[in-house]
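With chain C fixed as given, assemble chain R onto it according to the hints.
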Amino acid sequence: MPTTRMRFHWSLPSSGVADRRRGARFRTEINQFADLDRQRDFCVRADELGFDSLLLPIGFQRADPMVLATAFGLATKRINLMPASRAAVISPTHFVQQVNAVSAFTNGRIEINVVSGQGSEELRYYGDFATHDERYARTDEFWTICHALWRREFPVDFEGRFIHVEGARINQPFVSPDRHRPYVYMGGSSEAARRLAIRHADCLLRVVEPPEQLRPKIEPALDAGIEVGIISNLIIGSTHDNALRAGAALAENAGERGKAAVAEWREKTLESVGFNEIYRLAKDRASWLTPYLWTGLVPYMGPMSISLVGNPDEIIDAILAYRDIGVTQFMFQARPDLPTLEFFGSAVLPRLRRREAAELAAAGLVGEGR
Amino acid sequence: MTTAPTKPARFMWSLSSVGDKARRSRALAAMSGLPSLDEHVEFCRRAEESGIDAVLMAFGFTRPDPITYSATLGAHTEKIRFLVAVRSGIVSPTYFVQQVNTLSAVTGGRVCINIVAGRAPDELRYYGDFLPHDERYERTDEFWRICHALWRAEGPVDFAGRHYRVEGARINTPFVSDELNRPEIFIGGSSDQAHTLAIRHADCLLTLPDTPARMAPRIEPVLASGTEAGLLVTLICKPTRAEAVDAAHAVVASADENARARHGVLRGRSDSVGYTTTYELAARDTNWPTPYLWTGAVPYLGPPGIALVGSPDDIVDALGEYQSIGITRFLFMGHPDLEQMTFFGEEVLPRVRARESIESTGRV
Chain C
1 MPTTRMRFHW SLPSSGVADR RRGARFRTEI NQFADLDRQR DFCVRADELG FDSLLLPIGF
61 QRADPMVLAT AFGLATKRIN LMPASRAAVI SPTHFVQQVN AVSAFTNGRI EINVVSGQGS
121 EELRYYGDFA THDERYARTD EFWTICHALW RREFPVDFEG RFIHVEGARI NQPFVSPDRH
181 RPYVYMGGSS EAARRLAIRH ADCLLRVVEP PEQLRPKIEP ALDAGIEVGI ISNLIIGSTH
241 DNALRAGAAL AENAGERGKA AVAEWREKTL ESVGFNEIYR LAKDRASWLT PYLWTGLVPY
301 MGPMSISLVG NPDEIIDAIL AYRDIGVTQF MFQARPDLPT LEFFGSAVLP RLRRREAAEL
361 AAAGLVGEGR
Chain R
371 MTTAPTKPAR FMWSLSSVGD KARRSRALAA MSGLPSLDEH VEFCRRAEES GIDAVLMAFG
431 FTRPDPITYS ATLGAHTEKI RFLVAVRSGI VSPTYFVQQV NTLSAVTGGR VCINIVAGRA
491 PDELRYYGDF LPHDERYERT DEFWRICHAL WRAEGPVDFA GRHYRVEGAR INTPFVSDEL
551 NRPEIFIGGS SDQAHTLAIR HADCLLTLPD TPARMAPRIE PVLASGTEAG LLVTLICKPT
611 RAEAVDAAHA VVASADENAR ARHGVLRGRS DSVGYTTTYE LAARDTNWPT PYLWTGAVPY
671 LGPPGIALVG SPDDIVDALG EYQSIGITRF LFMGHPDLEQ MTFFGEEVLP RVRARESIES
731 TGRV
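Residue numbers (this note's numbering), protein chains in the order written: chain C, 1 to 370; chain R, 371 to 734.
Any given hint could turn out to be false.
To be verified - Now the in silico label distances, taken between C-beta atoms and shown as ranges:
#, chain 1, residue 1, chain 2, residue 2, range
1, R, Arg-535, C, His-240, 51 to 59 Å
2, C, Thr-28, R, Glu-409, 40 to 48 Å
3, R, Lys-449, C, Ala-347, 38 to 46 Å
4, R, Glu-419, C, Glu-264, 31 to 39 Å
5, R, Glu-409, C, Arg-78, 50 to 58 Å
6, C, Glu-264, R, Asp-504, 29 to 37 Å
7, R, His-533, C, Pro-155, 24 to 32 Å
8, R, Gly-531, C, Asp-284, 39 to 47 Å
9, C, Asp-133, R, Thr-581, 58 to 66 Å
To be verified - Beyond 12 Å from chain R on every Cβ pair, some chain C residues (computed):
#, residue
10, Tyr-183
11, Gly-237
12, Ala-246
13, Asn-311
14, Thr-340
Since the hints were made in silico from the structure, they are not lab data.
Beta carbons are placed, not taken as given, at the ideal position from N, Cα and C, and that holds for glycine.
Bound conformation, chain R alone:
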């Protein structure tokens, strides 16, 4: 541990599978797309009580639109922020800024953005997006250059790129927030292009976990540029380590071989670097790259199934190791989410804060 964390860790939770008992192990086309609003409102309120900063509102054809859904959940909550996923190829950047600004106005600024490139080309084509992977990054870059210029509000925005062209663009309705003139921006991805985009446009790079030793050099340029780094990871935390390991194995047992086969298909369709890396990590001899990082569920649940597993003290240590390499944000998923998040809020978060407090007072 050479570096003490410079700022307290902040925690987010994914709303993607809340209330979905068969999460990530069903055929996507079989999902109803109609989540229980009551269940999600309850989850958001519990997240507020549990010290969670934001909930992830994912994007995909199986889900409700995250922008209007955030407006709805925002009307039923007070503090929680909404981390709204966005793909660049499906909306005009000017119109996107207008939607986000309006969402900020109706939620009191409780909106942040998660830039995603989209994983499966066949689904992108549902939305009319036929660009190959590398060009998607170029387009995302253009998209965010226009968005940032609109948020800086320095006058009419003119931009002529390969993918986007706007002329004299302006939006009179600003981003509404006590602190910021634009939403906080996260970007998911593990490729070099994703890192470049993060440095150029985002406040935080979100990646799937590897061991801290392997992650440190990869995120170093991002941190050096002043962009934060965060982990997207499943959390399996129980009162004892043995119980946590049992719970981890139960996650695999509850998914069946169909799920394994389905993820084999999805893997074939994905052109995501992060996903490929995690699949490779999971294909090694051991499911335990570190004593707390477990890849056993990846073949069944896909790369986001990679998990931190252990007792509250184990998890505090694990988070501390990632914090020590400069990671300041954590975006969790759980099995099931509500129970795991509540347990996190009660048993893990207070210990994280206690440790952070000791470390900060220990520094001169």
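Looking at chain C on its own, in the form it has when it is part of the complex:
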């Protein structure tokens, strides 16, 4: 059992905090600005409920996560903002400069989620024509430079295949009570993503799978001393049956249009190892992978709708089952997000914290913060 305190995060939706069809929409129909004020309120509420961080994903249908991290960071008090970052769209020096600026305005409440991009079609919107493997190589170069800048090993000289800087320095430091750089998450399910996370990140983020299937995939990261987090959709009901009904209603509501949007999205993200694995799980096996892990929404709402389903007790047991294999961070989303954030934050999170404290005390351990 890991002694690191569990951390709970939420992924901010682009299509609205009250959208029951998150993931079941064509991306071209989405404009995140339509819901910006309510998303700010959502961040404030997540902060009040005691969540640790808010993921601000990146994509052409979304607001820029770095500017949002600034605006939402100013609107909140304790919660961390976690903008997603793609290496191909910005100079690493400029990126570090942006992160350091946000850290100064939010007293260090910024973390980074490194993504290599799910589909090359969208990456070409941004001028990125690299192959999947080249993208990982470039991300490696990008983060080598970023870390050198955060260690303030000025001047930083680096000449790689993709990125070349000479004499680089940034005067403004990362500002935080206890860190000299942001905490870094790296998402991805490929071997390349795992190697990159071990080299540059503090936490490997993976889409949820059954624990026994996940365990061998995360062991190298845990052995290397970094944390592991899972991303999952949540469907919580006051009873098990209520949760099942809620899940069925979501699929019905998404319907054929949702299926069409997912099919289009799948076509555009064929290179994503993690997504392919979810589609395969959803197709090859019964929709219940474990008593609480359900793929029934995937055809309607996409790979990120693979869900932990149950009443509060069942959700707690599910989370602790992942913690038992070494997972310490949990990134949730829901359909719609707001009521589930409320339910989880008020009915599940406090009980999880008490269970965690009791178990650690029984084991003679005191939970360590990060």
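Okay, now just chain R, sitting in the frame of chain C:
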């Protein structure tokens, strides 16, 4: 005076050195990069009260990132706009548009852009930019063609240039503003390429001042294309001309010979046409190319130290001369900025507006 100004002058102020007592006379690497947020918020609020339209958010390794910093200052202010400096070589144009659009959404459209080419090649290399001066303009041109196409939102953008290539580009989150579908765009520079870029992509060309007589023919093609022209200049305005001249000399006295030496080094590194022109202007026999334009601080503070100096009435006249050749925007710096901007708002701006009002009612 043959031409009456066609529109009222608009005024901006540089936030670059606000709160920095040793502005522009220190080694850049010695700057902390941590400005006082409170001081800058106070400055922006005072700018709003002083009739200033926008504050310049400069770009450089010594400063906070101007985009996220503008988002922060925007959360503490109501009206002031942020003139965000951007270099083309360090960000994808698509991602840049997305950042700017998001900044517009969180500030209610209070964002405009200042295109800069970057002055010192060694600093550009910090950011991974190794292009020579002339190719930087070509790249900037490509960058802005893509940005404008994205802002026009006429469908997926395909572009294949020498420096940028995008395919099917689109951004769903639009520029948010009551009046515009894209930010107002300024471009700094004095070279022919800068003028061409201004005509093609910008709403206003910003240049360092020369005498109105020498500037008029240079900016004429820009104005003829419908692009505005603006001056980037230090303002040294005091109740009397004598006090203003004393204040100007005090600026030089407070910078020391180290600053002079340092600017000698920077001058050697710069490949900017505007900077070279201003250094040459400052090297002439007199520090006073006109009765109000003073180059005495340039050797100490660099080209942006070129100043309009005088009493409020002198400054109103000086601005009027530039307005008469078609200049409609003024971007000021002061020593110190807050006091000078406040004095400008109280003593100069009302007189400028009074004069503009008389001139406009005097026209038939």
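Tested hints:
At roughly 53 Å, the beta-carbon separation of Arg-535(R) and His-240(C) lies within the given 51 to 59 Å, and the hint holds. Distance hint check for Thr-28(C) and Glu-409(R): the Cβ-Cβ separation is about 44 Å, which falls inside the suggested range of 40 to 48 Å. The hint said 38 to 46 Å for the Cβ distance between Lys-449(R) and Ala-347(C), and at roughly 44 Å that hint holds. A beta carbon spacing of about 52 Å between Glu-419(R) and Glu-264(C) contradicts the range 31 to 39 Å that was offered as a hint.
Range check, Glu-409(R) to Arg-78(C): about 26 Å between beta-carbon atoms, so the 50 to 58 Å window is missed. For the pair Glu-264(C) and Asp-504(R), the beta carbons lie near 44 Å from each other, so the given range of 29 to 37 Å is not met. Between His-533(R) and Pro-155(C), the C-beta spacing of about 25 Å keeps the proposed range 24 to 32 Å intact. With their beta carbons about 46 Å apart, Gly-531(R) and Asp-284(C) fall inside the hinted range of 39 to 47 Å.
The given range of 58 to 66 Å is respected by Asp-133(C) and Thr-581(R), whose C-beta atoms sit roughly 59 Å from each other. The claim that Tyr-183(C) is not at the interface with chain R holds, since no C-beta of that chain comes within 12 Å of its own (minimum 18 Å). With a cut of 12 Å on Cβ distances, Gly-237(C) stays outside the contact zone with chain R, its closest approach being about 33 Å. Non-interface call for Ala-246(C) relative to chain R: holds, since the shortest CB-CB distance, roughly 29 Å, exceeds 12 Å.
Under the 12 Å C-beta cut-off, the non-interface status given to Asn-311(C) relative to chain R holds; the minimum distance is some 37 Å. Under the 12 Å C-beta cut-off, the non-interface status given to Thr-340(C) relative to chain R holds; the minimum distance is some 25 Å.
Hint compliance for this structure: hints 4, 5, 6 are broken, all remaining hints hold.
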